[in-house]
Every structure is written in structure tokens, then in C-alpha cells.
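Peer 1: Residues per chain are reported as follows:
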Amino acid sequence: MRSPIITLTTDFGLKEPYVAEMKAVILSISPNVNIIDVTHGIDKFNTRMGAFLLASAAPYFPKGTIHVAVVDPGVGTERHPLIIQTKQNLFVGPDNGVLTLAAENQGIEHIYEIRERKTMLREISNTFHGRDVFAPAAAHLANGKPPTEFGPEIHEVSTLKTVKPIKRKGVLVGEVIHIDDFGNVITNLGQKELEQMSTRDRIKIRLAGTKLDLKLCKAYDEVKTQEPLATIGSHKFVEIAINQGNAANTLKIKVGDEATLYRS
Amino acid sequence: MRSPIITLTTDFGLKEPYVAEMKAVILSISPNVNIIDVTHGIDKFNTRMGAFLLASAAPYFPKGTIHVAVVDPGVGTERHPLIIQTKQNLFVGPDNGVLTLAAENQGIEHIYEIRERKTMLREISNTFHGRDVFAPAAAHLANGKPPTEFGPEIHEVSTLKTVKPIKRKGVLVGEVIHIDDFGNVITNLGQKELEQMSTRDRIKIRLAGTKLDLKLCKAYDEVKTQEPLATIGSHKFVEIAINQGNAANTLKIKVGDEATLYRS
Amino acid sequence: MRSPIITLTTDFGLKEPYVAEMKAVILSISPNVNIIDVTHGIDKFNTRMGAFLLASAAPYFPKGTIHVAVVDPGVGTERHPLIIQTKQNLFVGPDNGVLTLAAENQGIEHIYEIRERKTMLREISNTFHGRDVFAPAAAHLANGKPPTEFGPEIHEVSTLKTVKPIKRKGVLVGEVIHIDDFGNVITNLGQKELEQMSTRDRIKIRLAGTKLDLKLCKAYDEVKTQEPLATIGSHKFVEIAINQGNAANTLKIKVGDEATLYRS
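Chains as they are written, first to last, in this note's numbering: chain C, -18 to 245; chain R, -18 to 245; chain Y, -18 to 245.
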């Protein structure tokens, strides 16, 4: 029999025992669950980064997976704790947008506020609803408790404004949405934008004031070591990299920088 | 059937394969065990930090969990390898205090020295008893081998001196016992000390020479972004934080600093 | 019943969801597999470090374990994806040497190129064969698919040149092959080299220009705190350490430095 999977995405880091406390609570309620860390390295309080990375990973998990995300600067305030149901998965976390992108990509079916006191730990701290509210909710879901039993259905969910590329005088203005641990620069320009502006094998892009004319590669190794290149990254966005180097450091690029695609 | 849980708390970091080697040994002896990392980010050789974080996480794990802690600057010397039995859990590690706080919180029932050669790996290195002694002991315990079969019962265990808050001329002098990855400053002042000195909604505290008059909040968000506050943290100690900021960096506070509570 | 074990060794770090995506793919194909991280902290693109750490950890895993290593600067190029079969284990990863040391230590029996399209994800990205090729291959192997069904047997595998200690005018010239997270300096000088050059309890070694005459200890604690010592480390190589300190930082030693053993 397949164990249910619960994933965890947080900004807790791995130095503290906070993640372990969530796992302890989950396993106390649902002993046979398989807990997988998506990442605990979200920049502190950065709900946008949490939303992007959860949305990147979620499509690869099997149907029925329960995704918990806790990037929660508003813990203890009036922001609601949520369960979002899609055809594919359940998402558990605060109503601050961290769940929304991943859930919307799958199509949101129902949203429930977690309000039922007996789905939570007996004692609820001020500052750690990851352990006291979200972990037990996920574990009860893994045990088969239906989402309808956690609280009332609601019909709105917070969304983080995402920037879409815009057309301006024959160019497409997008932006850098993520820089990964390799220093690869991930933009919000997808295959569709690329097709509008580029020939098949090169792209012209301006990043942080620098205009680049890059080979559109299928492998990093198609250019020489330490040379820049463009590629369609593993999440299907245009990505600027340096073969065996760190593009963000070398080109001094940060998240939020404009990425303007020129016709080539 | 519920798999037995073994937790690991070490100062090994996650760059090296040391943690994986411990897990490999455990799974070779007890294939169905569920291994949960508490943390491998203890500051090197800091038994006091190891003891505090293990004691923080342990209460959330189910009865029967086996906690292994390896912060072991004296590896290979005469310090004994131990199994400590409480009503709730088993603790495995060196006799240097790293296990004691968590075990004492549950009430120590028996202490055994691990001496039986056949409970260890065939070859024992000089420097890595985590893999060669503690991991196999935990795995055999998970398999149901009784603690009495590992070696003689002993009646003393090392304890790390912990500082209790002391009363002095109408103030309570405590100290900073931990700074977490968010920069939250955790003191050894609990609910009881707070009740002696404070009204219900504000506290006066001097930290590293700075006198602060802070709102005692239920949520970080009760003060403005980047403003300091006090709260009862998730482990029930008075905690100084900055809403969406890093209190320890901003206020220049480190572990061991005095935290003096004034009447308010 | 024992779940099959799949281990992961990568240079992906833990900030990104890349490791989680590999685990998601594995669990989608083989739900009962037990996934153990060896390390994701390999220095980016450093196949040599990946090979060393995988070879360090592999011997401790049970027979039948499937080891996946993805340090893959040549992803998307002509380098082959491989399955290497030994008597003990299966190894999955790129043909760039990262698997070879661990596999050769066990004795290579067969090498297969992964070429069968239906053993891979439906869509294959340019840049992430860890998720799209190696993870599904490992999962299918865990499900019992024989290695012969992934592609043709081949008879050569890339090897990273390893330096062996050489004799020169009565000294043995080795080198530093790894510095661990504690700052312990691990050389390629083993027990055999030591026996040629040393008395039983002291060694004379020159490291990065500094000549050291060190006690050969069974425990770090045999010398005073902050004093240097030599020991046979947990992987059976001569290791220079500082009791409760960081030898590499203090002595300014880096990987690749000469380590010359003198007669003592």
C-alpha cells in the first residue's frame, strides 16, 4: 500500500528543530505518512519565493500528495489557516498567497478555513502555527479526514501579484523571478514569448542594463567554460546561465531586475 | 504497523556524508525504522546547544521514539556511551550532558552504559562513534533488544550546569540561552518569572546593556514591521523578536548575555 | 518486507526544490522506496568531491542499495547516462567519473548505458537529467526492472585520475584529498604508508610548507584543546585535526596541497 505523502516548504532553515517538531506532530497523528522536504531555505518571510518554489516542485508529486507551506510573517494574526483542494492535491498553509500559485496551476476546486479546534494541537503557541495548526491538519488529511470537517468553505484566497511580460515598442519586458543556488537567472519569459521575439538559436536580452546576445542552448556545455548562454530551464522559462559558472554573481543580477527580450 | 522512529541530533553539518553513514548503519540493522533529523546544525562541539535543541524537540515525538544525539568532542576517550531510559523515550549518545536535559524533563528511569561489543559495528574507528557505536545501538533498540542487554546499569550521568534566573534587588536576572535562525532571542525567563515582574501586556527588560520597554504580543504582527516586541515563544520562554526582522543582529545580542527583567 | 533504498548525492544544495523534484519522480514510480540523502553539498560541478564522498558512504549501505549521483556539468551533452552494477549495489548517474570510485571499490560487474526512452520522464529538460533521466531509472530499478532493459551494455567508464602517494628520497609524497566540515584535513595516506614511515605513536608530516611532528592519537582529546594531532580517520586515511578546533583554517590548508610523510 502506498503511504500518503506530505511535503514541507518553509523559511525555517535547518539549524533549528522547528522542522523536526512539525514532523514529530505529523507522525504522532499519522505514523505511516512519508514526509518529503521541498525546501526549508526560503528567504525569511519571502512568501513570493515560497510560492514560486512550491509551484515548481508540486507538479512532480503523485496525485493525493498533501503540500504544507509555512512562510508566515502574519502568524497569530487574523490571516486564516487554509486547506485548498485541487483535482490533484491538497494544500495546507496560511492565507497569504504562498499556496495560491501552485494550487491555481492545478485548478482550485474548494477552499476551507481551518477552524475546528480539535484538528489542532491541544496547546497552540503564539508563533508556531506550522507545528500547532498546519502539521496536525495535514496529518489528519493524510488519515482520510475530509477537508469539509476542518471548517467552513470560503470563496476567496490571497494572491501574490505576479508580473506578466508586457509588450513595449517591439520588445518584451519581463523580469527575473528567481536566482537558483547555481546562480542561474530564471526569468518570467516562457516559450511563447521566446517564439515571438527570437530566431531558433540565439536570443537578445537586456538584463540589469547589460545587453546580451546569447546562444540558445540545449546544454550548458555548448558554449565554452565560463561563457554565458541562454536555455529553456527545467521549469520552462528562459534562463541565463554561465557554463560551470555563476551567472547572477558575474553579471550582477538580482531578483526583480528587468529582463527585456529583443527581436533577433 | 507503526515503524519505530529514530531521531538524529548532531554537529556534523549536511555537507559531509557522516549523517548518511549513520543512517546506512541503522537501516542495515533495522530496515523499517523511520529516521527523522532533528538538526545537524549544532555549533561544532557545543553540547549545551545540542542539549537545548534536543530538549525542545523531544516532547513532540511519540512514545517509544529513540533519540540519538552526537555532539561528542570527547569521542574515543573514557566518556561512556549511554542509553537513558525514560517513561516516554530512549536516548542514545555520549555521557557529556547532551542527552541529560531532554531525558530529565521526562524523568530518568534507568541509565545503561553501552559496553557489549556485539551491539557495535565490527570495526570501531577512533573518531566516529556516531556511526560505529550509537547508530547500531539505536537500531538494535528499535529491533526490540532491551536496554539491559547493552551493558551494566549505572547511576550517574553528566549534567550541563544550567543557569536559573536569580532575584536581585527587585529584578530578575536571567540570560539568553539561544538565538534561532530568525534572530529571535530566547531567554531562560519563563511564564512564572514573567508573572512576578510584569503587568499583562508590557515587559521591561535589559539585554546586552540596552533597556527595552516592549509590548508582550501574541503575534509578531501586533507591532509595526521592523519594531521590537516580546512574546512567549513556542517553547514557553520569553523571546525578544523584531517583526519581520532579526532581533539578535539589530540589538547585537548573543547567547550568554544577561537578560534582566524589571517590574513593569 | 525491506523497502529498497535509493541514495542521492548531488551538488544541488538544499535551498532549491531540485532534490524534492527528484524524490517526487522516484516516489511516483516506486512508492515504497526509502530515499536517503548522502549529501547535496558537493561543491558545484566538483565531480572529484562527489566521487570521494559517495565512495566514503557507499560501503555502509546494505546490499541492493541503489546509489544515484548527479554532479553533472556536462548535462545535455554526449556524456552517457549510466547504470553500473557491482556485486553489492547499483549506481546511476552521468559517465563523468562521479560513480566510478565507489563502484570500483566494490568491483564493477556490468555497465549499461541508459538509452531506453520509456525508462525516462515523458518530457526531458535540457538541464535537469537528475529529475528526468536518473531519478526515474533508479525508481524502475527499485521496482525490479533489470539493468539490461535500460540500454546496451558498454565496456568503458570515465575515471577521475586519482593521485597515489609516491616515494621520493626516503619520504612519501601524498596530498590532501578532502577537508571536512570540522576542518579536519584528510590525506590520501593510508595505514600502509604510515607503517612504512612512522613509529607507532608519532608522525612527521609537511603540509602546505609547515612541518609538523604530531602525536598519532586514538582520540582527539589525547592532546590539549586547540592543539594539532594526527589520527586514522573514519575512512582509514591519515587525518590532521585540532582538538576542538579547525585544522584547515588554523594551518591554512586546502584540498590538493602536498602532504609529505617523513620517517619518524
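Where hints are given, some of them may not hold.
[Stated by the list, open to error] Per label pair, the in silico range of CB-to-CB distance:
#1 98/R <-> 233/C: 40 to 46 angstroms
#2 43/R <-> 189/C: 50 to 56 angstroms
#3 183/C <-> 231/Y: 47 to 53 angstroms
#4 58/Y <-> 171/C: 58 to 64 angstroms
#5 208/C <-> 40/Y: 56 to 62 angstroms
#6 40/C <-> 43/R: 44 to 50 angstroms
#7 141/C <-> 233/R: 30 to 36 angstroms
#8 181/R <-> 40/Y: 56 to 62 angstroms
#9 125/C <-> 98/R: 54 to 60 angstroms
The hints are simulated quantities; they were obtained by calculation from the structure and are not laboratory data.
C-beta atoms are modelled at their ideal positions from N, C-alpha and C, and glycine is treated no differently.
Peer 1: Which of the numbered hints above does this structure break?
Peer 2: Hints 1, 4, 5, 6, 9 are the ones this structure does not satisfy, whereas the remaining hints hold.
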